[in-house]
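Using the hints provided, position chain L relative to the given structure of chain D.
Chains as they are written, first to last, in our numbering: chain D, 1 to 471; chain L, 1 to 464.
Please note that the accuracy of each hint is not assured.
With the Cβ distance kept under 7 Å, some of the chain D side facing chain L (calculated, not the full set) [stated by the list, open to error]:
#1 P210
#2 R214
#3 L215
#4 A218
#5 T236
#6 T293
#7 G294
#8 V420
#9 A421
What the hints contain is simulated information worked out from the structure, not anything from laboratory work. By construction, the Cβ of each residue, glycine as well, lies at the ideal position given by its N, Cα and C atoms.
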Amino acid sequence: MAQAVLLPKLGQTVEEAAIVKWHKQEGDAVRKGEVIFEIETDKAVLEAESFFEGTLLKILVGEGETVPVQSVVAYIGKAGEKAPGKTASLKPATAAAQAAEPPAAQEPEPRRPAEDEPPAPASPPSVLPRRADTESRPASPPPRPPEPVPPPQPAPARRLFITPRARKLAEASVIDPARIRGSGPNGRILVKDVEAWLEANRYHERKITPAAKRLAAASKVDILTVRGTGLGGRITVEDVERSIAARPRPLSRMRQTIAQRLTRSFTTTPHFYVTVTVDMTDLLSYRQELKETGQSFTVTDFILEAVILSLREFPALNSVCDGSTIRWYESVDLGMAVGLDDGLVVPVIRNAGDLCMVELHDTAQDLAARAREGKLLPDEMTGSSFTVSNMGMCDVDNFHAIINPGESGILAVSSTRDEVAAVDGRMQIRARMKITLSCDHRIVDGTRGAMFVNAVKAKLEDTELWRSLTL
Amino acid sequence: MEKFDVVVIGGGPGGYPAAIRAAQLGASVALVEKEALGGTCLNWGCIPTKALIASADLYERMRNSAALGLKPGRVGYDYAEMNVRKNAVVARLTGGVTQLLKANGVETFKGTASFTGRNRLLVARRGHKREVQAGRAIIATGSESVRPAFIPRHPRVMGSRRFLDMTELPSSLIVLGGGVIGCEFACLAARLGVRVTVVEMLDDILMVLDADLRRALRRHMQEALRIRILTGEPMKDIDAGEDGVSGKVGGKSVKAEKMLVSIGRRPFTERLALEAVGLNTDETGALPVDEYCRTAAAGVYAVGDVTAGSTQLAHAATAQGIAAAENACGERPSKYETLVPSCIFTSPEIGSVGVSEAEAARGGLDVQTGKFSFAALGKALAAGEAEGFVKWVARRDTGQLVGAQALGPHATEMISEAAVAIRAELTVEELGRTIHCHPTFSEAWMEAAHAVHGECIHAAPKHG
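Excised from the complex, chain D in its bound form (with noise of 0.2 Å):
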């Protein structure tokens, strides 16, 4: 009997993920266990392994599609088994079932379609992600509210009124008929319409190379939009080629979810800013000494437990305002933006009050790792109530960082330089780095910046502080 397979559940907060790729195709023999999908939420790109053995009879969501968690997305059974309709089976839980249940529990009976060979029901869930270690994690406090991030919108194309021998006209021209205006009933384009449009714009004086030509029809460029710089102003592939990279491309949907989320942030939440100079000779030389004697921490590892330590002594700073209210914090939840190659990622170090300094080692390791790596979980990336951002390794003097929705302050860390520096009235070299607090100024007043980045940079200063940390 075919078995369903289920989009899996990510976590608490995603509701909906888009399939980006299938790794086996209609007909293909599934082993358990096996990777047949790859999810996108918006966070990240996970791999959804087979529960089932069999063979992969019907996919029901295609690649690019977004469909609810707990949907099904394709049929497994035996080989020349008759997968059930389309119709009956993509009805997902309810987010009713799905918040009061276990997953195991919760794929509601599907209905019986009207059909000879009725799917088996799903339970348990066809498919987990790979990395499934949601139950290993420490509890994590009440989510956030979730940012609903609505689907990329393509502009709805402006149905086209044209004569088919005048659309055969421009496609054999490789144009764009969409910008001629047409001279029929309705505004339809004729052949004429064409002609004359390209009559008007020389199209017959033009030259291009036959694989530029062969490009742009394949790549639906326009050829009367793209610059020849060949001998004699011809269009080579060259040309055609950087047509097509200057043309707008849907953002990923990680990049519209910063875009998104930043935007709001940067708009709504009236920014100030406050920059400190912390000297960091001491830490650095101490950092050296620890490293002497098999203890390894980062620089970021310091900077973040000054962090955590100061936000206790300043919960204003670990705290969420609407305009009206403004609720503190239980915890620390303390978030770590990781740049990777296209986009950002903020993993969020949960409870981080309660980690010594090795533990806040080896969890921001792993998560830094695991971001670059692409393969860490929704709940993983949600939630934090304070954020470090690190550019230290990006040779920079100063920046400022946009606040993330739902705090009320980020800490931009910057390069650490050798300066020339005043130390008890001489000049001494010292290195040096500049850390800039971003808070919300409807929560955060200047004085309580400014008092806030000198604890923090007071504890990277105070050796014996990290002497007592790290004993």
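Here is chain L on its own, set in the frame of chain D:
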């Protein structure tokens, strides 16, 4: 002090065309050449080797002409006579270059040039010195054979230049280095009956080529020319003495009467005193230039083998020389051509241009290939030269021809058609529809274009 709009340093295939082009554009031009006009190409490279190969080729064909129904009798050769003819060809061509420069009003100085400052050059010859002022300078000093220290200095061990001066062939020869020069000389000598061993440190000879070409060439060299080819190991314990040259390659010992060292050429910038114009060579000793042949120093251009990333081909130097001259004379800046066909005069010959299959794979370019064998071509069979094949490399999405390779009769001539097609950005279909004369070798290109989409008329369809 004499003043010139343009001074060209080096009279090889990069330098003398630059001088002539600059003169055509109305500049007053001087050319400084330390040895012989025509440079390495004309005097000790392209031309003299081809003169000798012409003799060797005919000799080999005559020896094998029974298959064509000839009765050639006893065929022999006189290498000294071949050499005399070669020298006559070279002399005639260098004379031609001298005449051309003169006819274009280019002043030629014999000697070495060195910069003494911005726009100033010192031309020295046997203690005699003169300083000239140069509005623009074009460096075209070429390259010289690499001769590392582990190779003994001995009359039996020589570079390609000294090899060409020999008036007698050795009975056996070690060719150290299986690159273009090494393989050409190895084939030349083997065709004249010399027992040849090629030693190449890399995994195969001519690593720049795609594997199918290497395989076909290596097979012919080993089986038909009886050349011993040792690859993947360096030659060690090289010893040269009265009774010959010997060494060890891996576990095998190699011995021959003489040894040709052809392990590469390096840019030649000695005595230019580049520091006087603030120029530095890169780690390979080459001069970096931009796409207009401009060096980092204002008004100083460089072309040919001396430039970084050079293909070390005479015709590439010529193309650069012309572009540099036009740019130096204030023409609208012209970039030099980067689509450089290359020719290898081995037996069989090889021509290639554009992207190879391996390069496409490395660059992530999705390509298809179409191949056609001379064995299926009427003209090749009729001519009794049916070894080898031609191959197109085309983009899968648009069918654009991006690369071509040919191995076999007249491959070095045939490659030019491919170069025109690729430069004009023709597609597989366009080339396939171009009528080619029948019966000719060039038909192979048309058939190979058809083969890209499995539409070859003269090849059985491939199944599966």
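Does A218 of chain D meet its interface restraint, that is, does its C-beta lie within less than 7 Å of any C-beta in chain L?
-> At about 6 Å, which falls below the 7 Å cut-off, the nearest Cβ of chain L leaves the hint on A218 of chain D intact, so it holds.
Would the stated hint for T293 of chain D survive a check requiring a Cβ distance to chain L of less than 7 Å?
-> For T293 of chain D, the interface hint is violated, since the closest Cβ of chain L sits about 41 Å away, which is over 7 Å.
Would the stated hint for L215 of chain D survive a check requiring a Cβ distance to chain L of less than 7 Å?
-> Since chain L brings a Cβ to about 5 Å from L215 of chain D, closer than 7 Å, the hint holds.
Quick one, is the T236 of chain D hint okay against chain L at 7 Å, beta carbons?
-> This interface hint holds because 6 Å falls under the 7 Å limit.
Does V420 of chain D pass the interface check with chain L, least Cβ-Cβ distance below 7 Å?
-> Violated - the Cβ of V420 of chain D stays beyond 7 Å from chain L, reaching only about 33 Å at its closest.
Measuring from the C-beta of R214 of chain D to each C-beta in chain L, is the shortest one below 7 Å?
-> Hint holds; R214 of chain D Cβ to chain L Cβ min 4 Å, cut 7 Å.
P210 of chain D as an interface hint toward chain L, with CB separation required under 7 Å | holds (5 Å)
Hinted contact A421 of chain D with chain L - closest CB pair below 7 Å | violated (37 Å)
Given G294 of chain D was flagged as interface, is its beta-carbon under 7 Å from a beta-carbon of chain L?
-> violated (40 Å)
Of the hints listed earlier, those the structure fails to meet are numbers 6, 7, 8 and 9, in rising order.
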